[in-house]
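Work out the full structure, taking the sequences as your base and the hints as a guide.
Residue numbers (full-length UniProt numbering), protein chains in the order written: chain A, 1 to 147; chain B, 1 to 129; chain C, 1 to 662.
The hints are all genuine.
In silico EDC-like cross-links for lysine to aspartate or glutamate, where the CA-CA straight-line distance does not exceed 20 Å: (1) K483(C) to D39(B); (2) K21(B) to E397(C); (3) K548(C) to D334(C); (4) K24(B) to E343(C); (5) K106(C) to E125(A); (6) K400(C) to E74(B); (7) K337(C) to E74(B); (8) K118(A) to E397(C).
For the record, the hints were derived by calculation from the structure and aren't laboratory data. Nothing here was measured: the structure is a model prediction, and the numbers come from that model.
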Amino acid sequence: MSIENTEFRPKIVAFCCNWCSYAGADLAGSSRLVYPADVKIIRVPCSCRVNPMFILRAFEKGADGVIMCGCHPGDCHYSTGNYYARRRMTLLFSMLDFIGVENGRTRVEWVSAAEGVKFSQTMNEFAEKIHSLGKNVRLEDLRCRKN
Amino acid sequence: MKTARDNAEKIKEISGANPQKCMKCGKCSATCPAFNEMDIKPHQFVSYVAEENIDALMQSETLWKCLSCFACVERCPRDVKPGKLIDAARQMVVRQRGADYLKAEEIPELLDPELPQQLLVSAFRRYKR
Amino acid sequence: MQRIGVFVCHCGSNIAATVDVKKVVEMAKLEPGVVHAEDYQYMCSEAGQAKIDAAIKEKGLTGMVVCSCSPRMHETTFRKAAERAGLNPYMVEIANIREHCSWIHKDMEEATKKAVILMRAAVAKVNLNAPLQPGESRVTKRALVIGGGIAGIQTAIDIADAGYEVDIVEKEPSIGGRMSQIDKTFPTLDCSACILTPKMVEASAHEKITLYTYSEVEKVSGFVGDFTVDIRKKARSVDMDKCTGCGVCQEKCPSKKTPSEFNRGLSNRSAIYTPFAQAIPNVPVIDREHCIKFKTGKCGVCSKVCQAGAIDYDQKDEIITQKYGAIVVATGFDMIKLDKYDEYAYNQSPDVITSLELERIMNAAGPTKGHLERMSDHKAPKKMVFVQCVGSRCSDERGKSYCSKICCMYTAKHAMLIRDKYPDVDVTVFYIDVRTPGKNFDEFYRRAVEEYGVHYIKGQVGKVVPQENGQLLVQASDLLDNKQILMEADMVVLAAAIEPNPDVRKIATMLTASIDTNNFLTEAHAKLRPVESPTAGIFLSGVCQGPKDIPETVSQAGAAAVKAIGLLAKDKLMTNPCTAKPDELLCNGCSTCANVCPYGAISYIDKEVNDHGIREVRRIAQVNSALCQGCGACTVACPSGSMDLQGFSNRQILAEVDAICR
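Right under this line is the structure:
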């Protein structure tokens with residue numbers, strides 16, 4: 001169970017809406033489309049359920065990247081949820097940028113239930129990006145770090 | 001020594017085309033104005049690259065008969081770009097002859113009535129700045 | 001503290017091949033709150049569920065985690081199992097270690113590590129779960145069918161036969177759809193109108209079916225069992241009760257220059273018209289854009305000749321508001337536009353036509369009364385070329401990436417019919433692949449080749465050039481002979497790709513039904529729930545879900561009807577208990593949440609609260625749990641942190657985040 005500490009394995013949290021992106025992730029799975037195991041998915045009913053606080057908390061607890069996926073604009077199961085999410089994330093990301101967290105550590109992507117390929121591509125790209133950015137040290141609360 | 005695979009990869013890299021996308025409909029050959037002059041027809045050319053049978057391509061007449069009109073590229077329903085694959089194979093032949101670059105002094109020698117002018121233009125554009 | 005059970009499924013080798021399930025069980029035992037952990041071959045099987053049952057009863061579990069496939073697959077199964085054992089079903093969480101783990105990772109160590117983390121996140125969440133009770137909502141025993149083609153008609157008849165009221169909304173003046181435009185049907189070659197017209201009559205005569213033709217859905221609100229729909233009945237300018245359908249108005253109408261939509265623009269119609277002779281209802285509409293009376297104010301011929309006095313120039317659009325329990329989408333398809341396919345000269349020559357135009361030409365009621373002739377000079381063709389896959393299986397932006405499915409068969413049908421009726425006409429079909437999966441389909445295609453002498457050539461047509469002599473020069477390749485073909489033809493027929501009705505995106509948005517990148521409506525599950533939309537109460541019938549032929553459409557229409565009937569047969573529905581809930585003490589009554597709620601589920605009341613001993617009346621938010629669908633928009637908008645979503649609470653999601661980042 002011990003993965004050697006020499007290689008940097010980023011912690012990536014993905015918030016996926018239940019109706020499109022989570023189903024897209026399922027499709028990526030049933031199509032056996034590989035993406036890094038560093039990505040862990042949290043299911044939320046809608047992208048508008050993602051409170052900016054969740055993202056900050058993830059960084060505080062040592063996540064290296066956070067990605068949020070929702071239905072394509074106009075296709076939200078709840079009609080307007082992803083519009084709210086889009087605005088909130090725009091604000092949050094500009095704030096994160098302001099306090100020195102690289103823009104690449106956060107991302108919003110629209111993935112429909114039919115886009116398994118897009119889901120895995122996005123995750124591969126994102127994981128690669130986080131890999132190149134290295135460990136997140138700006139927001140991590142060292143008190144939260146184990147050992 | 002370069003293997004057939006290296007050459008096939010090189011062709012794909014230069015052309016930016018993916019022969020694996022081909023669904024073998026033959027629209028490229030149907031649309032080609034130089035079809036009757038060619039020994040390896042455009043649709044065959046695509047599968048030759050996919051099969052990594054590059055030596056045959058580099059010796060084929062097709063390279064010098066293709067007009068680079070790109071009708072096949074324009075009309076291909078699968079975005080395979082056969083014309084660009086031919087273009088790329090042609091580049092490789094020219095490059096091998098002139099080591100890396102096409103040299104200006106070679107031009108008179110290459111000025112063969114069978115050689116499309118566009119080849120020289122495109123070769124210059126890419127390899128002699 | 002919860003008493004949590006963790007159940008790890010092998011899913012045969014689907015999970016166990018890449019995830020060390022024993023290790024996951026071992027690690028689960030170390031998690032706080034976990035009092036029981038075990039693994040089993042197939043957790044969803046009866047034996048697996050029995051294990052869950054036993055563990056809940058013996059260990060007195062208050063919550064459970066199943067590490068298995070996607071919750072979209074078996075969440076309901078395990079929730080029901082928990083409920084049978086006496087555990088609140090909302091105390092169950094699924095850790096998706098199949099789709100999100102074992103199927104996408106190859107390295108056992110890595111996959112096991114991830115599975116453990118996913119398990120931990122689920123356990124952390126369950127620790128904070130609270131039992132939830134679903135509410136009840138009533139079911140309006142009436143169904144709406146959007147689209148009056150064969151799919152909509154069949155669905156409506158099936159639902160109505162089960163005893164429920166059905167309304168069909170059709171945007172055209174008559175029901176019938178694409179099938180009414182088709183001449184003959186494959187593989188039996190029976191006439192389309194002969195089998196469709198009785199169905200149309202049955203639908204219109206059915207006492208439980210109401211037709212709203214020349215009407216469109218304007219607005220949809222509500223949710224499964226209780227939709228409220230506004231239908232715009234466009235002004236027909238003809239009184240439907242008075243009109244006798246005699247047709248004199250159409251005969252006498254002086255404006256006869258409008259291209260007929262029904263005949264695909266191959267003939268003209270009058271400004272007051274019924275699309276075709278067997279139209280249902282047989283009541284014309286006035287096309288106000290082309291009517292002289294509406295354009296200049298001077299005419300009124302139809303009004304003068306109408307013995308019944310049915311013409312009403314002052315008629316206005318009417319909005320009908322109706323409640324429905326279920327909605328079936330049957331919006332059908334159209335042919336793609338061929339503007340971008342210059343190489344086939346569709347816009348340059350009237351003798352290059354689409355297959356649907358050929359259907360009209362072959363039809364006895366069509367523009368040529370069923371005589372096969374060129375549209376340019378009305379001469380009989382001697383040589384015809386059919387081009388397959390025009391815009392289908394096309395990865396660029398000009399066409400569609402999918403196979404349109406019906407073209408191979410209808411082209412074989414056209415070729416066969418032409419050879420049968422006009423044996424002197426030479427027919428050549430250029431194909432890429434001939435796809436004939438279906439009962440008696442391949443035999444049908446072989447008959448075209450073997451008995452009717454249709455030439456099939458493997459290779460696509462590169463270009464079609466209109467010649468000065470009126471012929472069309474077709475340049476194509478023959479891949480089997482490895483040669484290029486140049487042939488002259490009198491007519492070229494293009495098997496254009498089909499695409500979902502362009503209006504479907506608008507309708508899907510109103511229904512909040514998901515739609516894919518090709519504008520086909522998405523099913524709830526590609527294999528197991530093919531006629532249901534992921535949005536509860538919305539069902540899919542016909543080509544709006546994906547390309548299909550008539551028999552398939554009819555069977556799917558029946559399936560959609562059964563699903564709708566299953567819903568309408570219920571008196572009450574359980575509502576989703578994962579709804580928003582405000583903390584009364586934190587709410588400051590600012591109305592932010594009400595502004596973002598897409599369902600109008602939030603209202604405000606003045607209520608006396610006891611805030612740490614201080615009793616006072618405050619304005620606080622109140623959520624109508626029957627309306628709330630649980631999206632959570634309000635929870636994030638709430639500035640005081642009062643609003644939370646049950647089942648996906650802030651604390652639960654943060655616990656998951658923490659567990660993942662641990």
